[in-house]
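Asker: Make a model of the complete structure from these sequences and hints.
There are 4 protein chains.
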Amino acid sequence: MGNKLRRNLFQQIEPTAWPHRGLSPLNWLLVVVILLATVSAILETEPLLARHHAAGFRVAELIFCAVFVAEYATRFWTIAESPSKHHIWRKRAGFVFSLAGMIDLLVIVATFSTLLVGNVAALRLLRLLRIVRLAKLGRMSLAMRRLQQAVVSRRYELGLTMGLALGLLILGASALYFIEGELQPEKFGSIPRALWWAVITMTTIGYGDVYPITVLGKIVAAFVAIAGIGLIAMPTGILAAAFSDAMQEEHEFED
Amino acid sequence: MGNKLRRNLFQQIEPTAWPHRGLSPLNWLLVVVILLATVSAILETEPLLARHHAAGFRVAELIFCAVFVAEYATRFWTIAESPSKHHIWRKRAGFVFSLAGMIDLLVIVATFSTLLVGNVAALRLLRLLRIVRLAKLGRMSLAMRRLQQAVVSRRYELGLTMGLALGLLILGASALYFIEGELQPEKFGSIPRALWWAVITMTTIGYGDVYPITVLGKIVAAFVAIAGIGLIAMPTGILAAAFSDAMQEEHEFED
Amino acid sequence: MGNKLRRNLFQQIEPTAWPHRGLSPLNWLLVVVILLATVSAILETEPLLARHHAAGFRVAELIFCAVFVAEYATRFWTIAESPSKHHIWRKRAGFVFSLAGMIDLLVIVATFSTLLVGNVAALRLLRLLRIVRLAKLGRMSLAMRRLQQAVVSRRYELGLTMGLALGLLILGASALYFIEGELQPEKFGSIPRALWWAVITMTTIGYGDVYPITVLGKIVAAFVAIAGIGLIAMPTGILAAAFSDAMQEEHEFED
Amino acid sequence: MGNKLRRNLFQQIEPTAWPHRGLSPLNWLLVVVILLATVSAILETEPLLARHHAAGFRVAELIFCAVFVAEYATRFWTIAESPSKHHIWRKRAGFVFSLAGMIDLLVIVATFSTLLVGNVAALRLLRLLRIVRLAKLGRMSLAMRRLQQAVVSRRYELGLTMGLALGLLILGASALYFIEGELQPEKFGSIPRALWWAVITMTTIGYGDVYPITVLGKIVAAFVAIAGIGLIAMPTGILAAAFSDAMQEEHEFED
Chain B
1437 MGNKLRRNLF QQIEPTAWPH RGLSPLNWLL VVVILLATVS AILETEPLLA
1487 RHHAAGFRVA ELIFCAVFVA EYATRFWTIA ESPSKHHIWR KRAGFVFSLA
1537 GMIDLLVIVA TFSTLLVGNV AALRLLRLLR IVRLAKLGRM SLAMRRLQQA
1587 VVSRRYELGL TMGLALGLLI LGASALYFIE GELQPEKFGS IPRALWWAVI
1637 TMTTIGYGDV YPITVLGKIV AAFVAIAGIG LIAMPTGILA AAFSDAMQEE
1687 HEFED
Chain E
1437 MGNKLRRNLF QQIEPTAWPH RGLSPLNWLL VVVILLATVS AILETEPLLA
1487 RHHAAGFRVA ELIFCAVFVA EYATRFWTIA ESPSKHHIWR KRAGFVFSLA
1537 GMIDLLVIVA TFSTLLVGNV AALRLLRLLR IVRLAKLGRM SLAMRRLQQA
1587 VVSRRYELGL TMGLALGLLI LGASALYFIE GELQPEKFGS IPRALWWAVI
1637 TMTTIGYGDV YPITVLGKIV AAFVAIAGIG LIAMPTGILA AAFSDAMQEE
1687 HEFED
Chain V
1437 MGNKLRRNLF QQIEPTAWPH RGLSPLNWLL VVVILLATVS AILETEPLLA
1487 RHHAAGFRVA ELIFCAVFVA EYATRFWTIA ESPSKHHIWR KRAGFVFSLA
1537 GMIDLLVIVA TFSTLLVGNV AALRLLRLLR IVRLAKLGRM SLAMRRLQQA
1587 VVSRRYELGL TMGLALGLLI LGASALYFIE GELQPEKFGS IPRALWWAVI
1637 TMTTIGYGDV YPITVLGKIV AAFVAIAGIG LIAMPTGILA AAFSDAMQEE
1687 HEFED
Chain R
1437 MGNKLRRNLF QQIEPTAWPH RGLSPLNWLL VVVILLATVS AILETEPLLA
1487 RHHAAGFRVA ELIFCAVFVA EYATRFWTIA ESPSKHHIWR KRAGFVFSLA
1537 GMIDLLVIVA TFSTLLVGNV AALRLLRLLR IVRLAKLGRM SLAMRRLQQA
1587 VVSRRYELGL TMGLALGLLI LGASALYFIE GELQPEKFGS IPRALWWAVI
1637 TMTTIGYGDV YPITVLGKIV AAFVAIAGIG LIAMPTGILA AAFSDAMQEE
1687 HEFED
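Chains as they are written, first to last, in the working numbering: chain B, 1437 to 1691; chain E, 1437 to 1691; chain V, 1437 to 1691; chain R, 1437 to 1691.
Honestly, I wouldn't trust all of these hints.
[Stated by the list, open to error] Covered, in the sense of this in silico footprint (three residues per stretch, anywhere, with C-beta under 8 Å from a C-beta of chain B), are these stretches of chain R:
#1 1524-1530
#2 1635-1645
[Claimed, not checked] Under the rule of at most 25 Å between Cα atoms (straight-line distance), these lysine to any residue pairs were calculated in the SDA-like manner:
#3 V:K1623 - E:E1450
#4 R:K1623 - B:D1645
#5 V:K1623 - R:S1577
#6 E:K1623 - V:I1655
#7 R:K1623 - B:G1653
#8 V:K1623 - R:T1650
#9 V:K1623 - E:L1565
#10 V:K1623 - E:L1466
#11 R:K1623 - V:L1479
#12 R:K1623 - B:S1460
Keep in mind that the hints were calculated from the coordinates and are not lab data.
Cβ coordinates follow ideal geometry from the N, Cα and C atoms, glycine included.
Answerer: Okay, structure coming up:
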């Protein structure tokens, strides 16, 4: 009877073992808890909220921690049902020392430490690791593999356009350093400083903290800006096309 | 004779019943009135205009209101001509309780209330709902269905790239919170605050109200910016391709 | 003999009559003069340049004017060689009252007026009309027709995505008007004022002259920004794909 | 025996002579040294670093210089193994006077001069030329040729869309010059000044140093912004598609 419960729980908790389409109810619940825990960890860093709702955040953390411990224990217990032929304790060791298992454990330890020693900054970041676990779920890991394949299949186009973009970045930063380096030493007084301007300009963000003020500087900046949008947008376009193609092939095989 | 008028009016007012290509003259007129009413509702919020042209806006609203009441009454009367086999009053109840019918009624009530109790802010927003009605017209509703299909057919690519973009958003905001949280507490003093910076940076808007000022912060921001444009632009590219494909298939079936 | 010169000149000056590939030497010369005249008209508006080089600009204008008069006279004389069967003076009248002919004449009159009555602002703009004439040249006019076809062939996708973008624009502006209208009356005090913010945000320009300062305003702005880049970028992607397809078909027919 | 060493070295140093896939170990080493030398040249311009680590930068430059001299000597010696039938000294002269050979020599002379006469600004720029050499490596030069072909194959689309973008740029700048030229003379007081605004707006950078402040100026700027993103993004999309197609054909031939 214990074995039957264990088998059912394994199907519920292990996405690849779920015999139906999509995610099991238990995994949907875990997705919701992970998202809530992430939102809670983000909101808790806000002093205005943390001050007035300290008790609430503490209770929420306790509940999340309990869920994650229960999940870890369930995985540890039910991994015995996995189809591999290894000994049951070998499977359990395999889970504990897998990347997923160690992230799970790290998150639990980080959450516990928060409850004991208080909300240290570094522990907060560790708790945000939970969100990484969502990447393991079902279709997403397939889409991720496709994305990797898309990157690999277009590595020369991507390499070239990124290389050209990097070259333009350095060229633009060097030009502005020569032209406005003495006029605005805080902003263009060295190539590394000018690179900040070049990145913020070529990505078209344009905060407005740094911009050329001489006529020549503006002319050069205009050329960098126009050439830049092409060079920055091209890898994106190539990647989107490759990724879209790779996913379409997948759909075709499916039908 | 009354039935003939009713049939003609039904063909004029119901886009799907119009036997010719495109929109009927009456529907073109209604499109123009809806657009004018929307522009009028927008302009009326401007104090400089509202003060000097209060009477003009009042008259315009009265005319728009009359048109919408007349339209509602016509629809209520002519729906009897619809091809369904239900009883005539069943059809009319169907129209009154349909989403389109309720929006029409809401808009009329909101416009009347404005004329009676004065221009309350919430009523203004209700009057803007009129523009939603344009979506029902002929080809547009088909294009809308195609857009929905395009979103559904690429849900995994969209989900993954949006998930990655969200992950980068949280990662970038957390990094800047750790690096500049103490230096610029108003801007990076918590992850939610830093998220505002991350969104405005990754969408390449870059207002310039928040930006990193330390060397490390700038280096991290540069990486977030470069990775971000790719991750934000990818879902857009995928969606545009899918939408374009879906519409092309439509054109093929048509020929 | 006069007829032979006229025939040769006609082939030189009329792009469609040129029997060889590309543009005739005379047309290349005219392209260069038009570009120089445009650059000169642009630079002349700069007070720092206009003050010190007034004589130079005057001489340049005189030369450009002479060239355009000579060109106009040549076209008027040689149009007689055009293959249409109309009477010679009918052809000339056709040239004078064509759009191209009237732009040519307008530009000449504007240039002369500048030389006589001084550099009035409105005349400057007229002189910039010269650049429009480049659109008539050879392949360009074909590419322009293809671009028009591309716009027409995807009019429903373009209409829908532009409509959605417009809807989001109005929705976002209305939301910010409700949220920050009283806090920043100069910037969000009416929907038309908030629309300036919405356009500059959704096009990702982000000057930084207007941005939300409340928490709720920032949350809404973040959603508008993320949804906006998709909706603004989609018509562009659709148009680029359609235009690229249309030009490719052209290349295929050519081979 | 000397010939055998020379043949091996030639295969190591000349990417096209390497009989295996990818780059030879020696070329990988040179790539790393070039990247390190570039980073070093960039960082050395930063006063805060240069002051405290002057000796370190000097030693690094010495090492990079020695590597580049050794590489140049090796190329000069081993070029004799190249498959062409010319006399051995003819081949060497060919290398010395090739573009690649002259860049190599220029970089060495610039590095030496830096060590002798001190870090003059112009010499720094020359040292950055090293990065250009990466473009010669293996697949990259093929991808570069494909990019050139993509540009050539779509020259009419690119020409037209760039021409339209340029026209809109001039039109937008002229309009703002007429509307706000007197109100903001420093920013819109001439068409060249207004062009700076137009470029920074149409590339969606939007530093925020220049923006319209009148209602009419904002309305015109909104239209320029919306039309501009389409016109600027279209050449990019066309180029990305053409480049992607050209590279795919390459992959097909390969299989």
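Asker: Does each hint fit the structure? Answer for all of them.
Answerer: Status of each hint after checking the structure:
Closer than 8 Å: that is the beta-carbon criterion, and the segment 1524-1530 of chain R has 0 residues meeting it against chain B, so the requirement of 3 is violated. Three residues within the 8 Å Cβ limit are the bar, and the segment 1635-1645 of chain R against chain B gives 9, so the coverage statement holds. Straight-line distance between C-alpha atoms of K1623 (chain V) and E1450 (chain E) comes to about 41 Å, which puts the hinted pair past the 25 Å bound. Between K1623 (chain R) and D1645 (chain B) the alpha-carbon distance is near 18 Å, which keeps this suggested pair within the 25 Å criterion.
Restraint check for K1623 (chain V) and S1577 (chain R): not satisfied, since their Cα atoms lie roughly 52 Å apart, outside the 25 Å limit. A C-alpha spacing of about 15 Å is found between K1623 (chain E) and I1655 (chain V), which places the hinted pair at or below 25 Å, so the restraint holds. The suggested pairing of K1623 (chain R) with G1653 (chain B) holds, with an alpha-carbon distance near 15 Å, which does not exceed 25 Å. With a CA separation close to 13 Å, the supplied pair K1623 (chain V) and T1650 (chain R) stays within the 25 Å bound.
The straight-line distance between the Cα atoms of K1623 (chain V) and L1565 (chain E) is roughly 24 Å, inside the 25 Å bound, and the hint therefore holds. Using a Cα cut-off of 25 Å, the hinted pair K1623 (chain V) and L1466 (chain E) is violated, with the two alpha carbons roughly 33 Å apart. For the hint linking K1623 (chain R) to L1479 (chain V), the alpha-carbon distance of about 15 Å falls within 25 Å, and the restraint holds. The hinted pair formed by K1623 (chain R) and S1460 (chain B) fails the criterion: a straight-line CA distance of about 61 Å is larger than 25 Å.
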